[in-house]
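Undergrad: These are the residues of each chain, in order.
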Amino acid sequence: MIKDIPTRMAYGDALLEMGKKYKDMVVFEADISTSTQTCKFAHAFPDRFFNMGIAEQNMMAAAAGISTTGLIPFVSTYAVFASMKACEQIRTSIAYPNLNVKIAVSHGGLTPGTDGVTHQATEDLSIMRSIPNMTVAMPADAIATKALVEKAYHLKGPVYLRFSRCPLPVIYPEDKTDFEFGKAITLKKGQDITLIAIGDMVIQALKAAEILENKGISTRVVDMHTVKPLDEECLNEIAAETRAVVTIEDNNILGGLGGAVCEYYAEHFQIPVKRIGLKDTFAESGEYLDLLKKYGLSFKDIVMAAENLLFGLKIEE
Amino acid sequence: MTKINNARVLELKKKAKEIRVEIIKMIYKAQSGHPGGSLSAADIVTALYFEILNIDSNRPNWEERDRFILSKGHACPVWYVCLAEKGFFPKENLAKLRKIGGILQGHPDMCKVPGLDMTTGSLGQGLSVGVGMALGAKTKGLQFKTYVMLGDGEINEGQVWEAAMSANKFKLNNLIAMIDYNNLQLDGQCNEVMPIEPLADKWQSFGWDVKEIDGHNMHEILTVFYDLKKQQENPTIIIAHTIKGKGVSYMENQLNWHGKSPNEEQFQQAMKELEVEK
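First to last, the protein sequences are chains F and W. Per our numbering, the first sequence starts with residue 9, numbered consecutively. Per our numbering, the second sequence starts with residue 20, numbered consecutively.
The set of hints was computed from the structure by calculation and includes no laboratory data. Because the structure is a prediction, the values reported are computed rather than measured. Just so it is clear, CB atoms sit at the ideal spot from N, CA and C, and this is done for glycine as well. One should not assume that every hint holds.
[As the list claims (entries may be wrong)] A few chain W residues that face chain F, going by a derived Cβ cut-off under 10 Å, partial list only:
| hint | residue |
| --- | --- |
| 1 | Q50 |
| 2 | I88 |
| 3 | E104 |
| 4 | F107 |
| 5 | F108 |
| 6 | G145 |
| 7 | A156 |
| 8 | L161 |
| 9 | Q162 |
| 10 | I258 |
[Said to hold, decoys possible] The calculated label-pair distances, taken between Cβ atoms and stated as ranges, are:
| hint | chain 1 | residue 1 | chain 2 | residue 2 | range |
| --- | --- | --- | --- | --- | --- |
| 11 | W | G125 | F | Y30 | 29 to 39 Å |
| 12 | W | D228 | F | E241 | 51 to 61 Å |
| 13 | F | M92 | W | M213 | 16 to 26 Å |
[As the list claims (entries may be wrong)] Some chain F residues judged to face chain W by a derived CB distance under 7 Å, without partners named:
| hint | residue |
| --- | --- |
| 14 | M60 |
| 15 | A69 |
| 16 | I74 |
| 17 | L79 |
| 18 | Y104 |
| 19 | G198 |
| 20 | Q199 |
So that you can see chain F by itself, here it is in the shape it has in the complex:
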């Protein structure tokens, strides 16, 4: 059994490996390289590593500039700073001209835990999703992270990739590499209800599914690692084959994964959806798993939401 790994660690390892293969890859950092794990690339390839200091706006626009020379920049800082301090730089200097910049950021959602609200990115999925040309994803574990970081290198155009600060269990086999942006992964089949989760919430969904199955509820689990572009084909299948959906994201409940799924279903299907996420609130300092419990994002909350949803359907019938 592989031990739990923060996906930011897997990102750092991926950069190091890719740096050997891809000579046109460069990395930008804003003074937190030991935290974002770009330090590994920095040591191996000092000529292709640019520490821009604590100045995210300049870093983001400089990455835009270097991308026009044909180099492929990975830009790292914390998700909250990239998506909000440098939001307009991302929107106007990267996404609008559709430049080939990879924004690969750590400390997504509540995963920074005890650091508190200033360092927790709980709105970034919603914000980044609303920017045209942007691909937005959060891998569920170290294996998915390695694969998607490499896929980001090959994808032409801007990508926003979000990682966890805290360790996450490894759920994919070590040799799995066939991850594609915009292509969700069905981790478990089931007919009664589907749990659609992203990033660090995928493991919570898997735990919830186990409990639901023990209660006789056939539960499908989908890793929707990419919120944009959304895998509509997968959503079609879910709507055709299961009776209700719970979305689970470590993000504000407004405008992220739940928002995306509901927007799609509202226009195409009649299927009940319950969204799980931060209920339009800021969290606080605390251990990551304690925060999930307190703010209603733990597997127990998912189980309850699923049961309530199915109970509601039964009453209607």
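Using the hints provided, position chain W relative to the given structure of chain F.
TA: Then chain W, alone, in the frame of chain F:
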């Protein structure tokens, strides 16, 4: 100091007049746009496009071309006219400034306009982009230079100073910034809205080489650019003292001509003044 050919100075002065005429024509036709800052930048941008920049309109994406970023993107009429005159796109487009379906957006879009090196218009970002391009040149071992023109008001943006710090850190001796110092920003004089002086001292203290020129004196403009082509040790900023609306008497130093188009009578007068001077 480089010896400048006087005949070439006269030619470029004439060219700058032609560029000014086209700027006024396109803004008049669009009945929208920013004449003041376009005219103050006209001599320098003309010198760059018709003398200094190593570019080729047949290869707008040529890897080794010099880069130019008009960070004060609202002054794009001057950029558009120069690119059209250099043959990057047909001049007919100039009549469609700011028109739906056209390539010449109100603020410049690199995806729509061949030869335009960066999308700009949101002030404060161009110098950072230039830092990235200059870093790209160094990383790839390419010899091109990156030129970035900033507005004076634009340097109110904190990001400009982040960029200034980083250019010094990476010793970007292939980066040249210019400030179009016409001393007027939208709401008033620079020293009233947000004082930027002592300007030269600020840049010097950030590790930049500082040159000061009269931004309408073609001889001075060419001299400074040629000197920098020969030798440049640090990132360099050229503080160009200019006059907003330069060339059209009723626009010169007038705040209200920052973002306004002339009516027919004003247009005729502008044409007359620029023709006479020609």
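Undergrad: Tell me if W/F107 is really an interface residue toward chain F, meaning its C-beta lies closer than 10 Å to one of theirs.
TA: Because about 16 Å separates W/F107 from the closest Cβ in chain F, which is outside the 10 Å limit, the hint is violated.
Undergrad: Using the nearest Cβ pair, does F/M60 come within less than 7 Å of chain W?
TA: Holds: closest Cβ of chain W sits about 6 Å from F/M60, inside 7 Å.
Undergrad: Taking 10 Å as the limit, does the beta-carbon of W/A156 come near enough to a beta-carbon in chain F?
TA: holds (7 Å)
Undergrad: With 10 Å as the cut and Cβ atoms as the points, is W/I258 at the interface with chain F?
TA: violated (21 Å)
Undergrad: Does W/I88 pass the interface hint, meaning its C-beta sits closer than 10 Å to a C-beta of chain F?
TA: holds (8 Å)
Undergrad: Does F/L79 hold up as a contact with chain W if the rule is Cβ-Cβ below 7 Å?
TA: OK, holds: F/L79 within 7 Å of chain W, min 5 Å.
Undergrad: Is the shortest C-beta separation between W/G145 and chain F less than 10 Å?
TA: With a closest approach of 8 Å, the W/G145 hint holds.
Undergrad: Would you settle whether the hint for F/G198 is holds or violated, based on the nearest Cβ-Cβ distance to chain W being less than 7 Å?
TA: violated (45 Å)
Undergrad: Just to be careful: measuring from the Cβ of F/Y104 to every Cβ in chain W, is the smallest value less than 7 Å?
TA: Result: holds, 6 Å to nearest chain W Cβ.
Undergrad: Would you settle whether the hint for W/E104 is holds or violated, based on the nearest Cβ-Cβ distance to chain F being less than 10 Å?
TA: violated (23 Å)
Undergrad: The hint names F/A69 as touching chain W; please verify it with the least Cβ-Cβ distance against 7 Å.
TA: holds (3 Å)
Undergrad: With chain W as the partner, please determine if F/I74 meets the hint condition of a C-beta pair closer than 7 Å.
TA: holds (4 Å)
In this structure, the earlier hints numbered 1, 3, 4, 5, 9, 10, 19 and 20 are contradicted, and the remaining ones agree with it.
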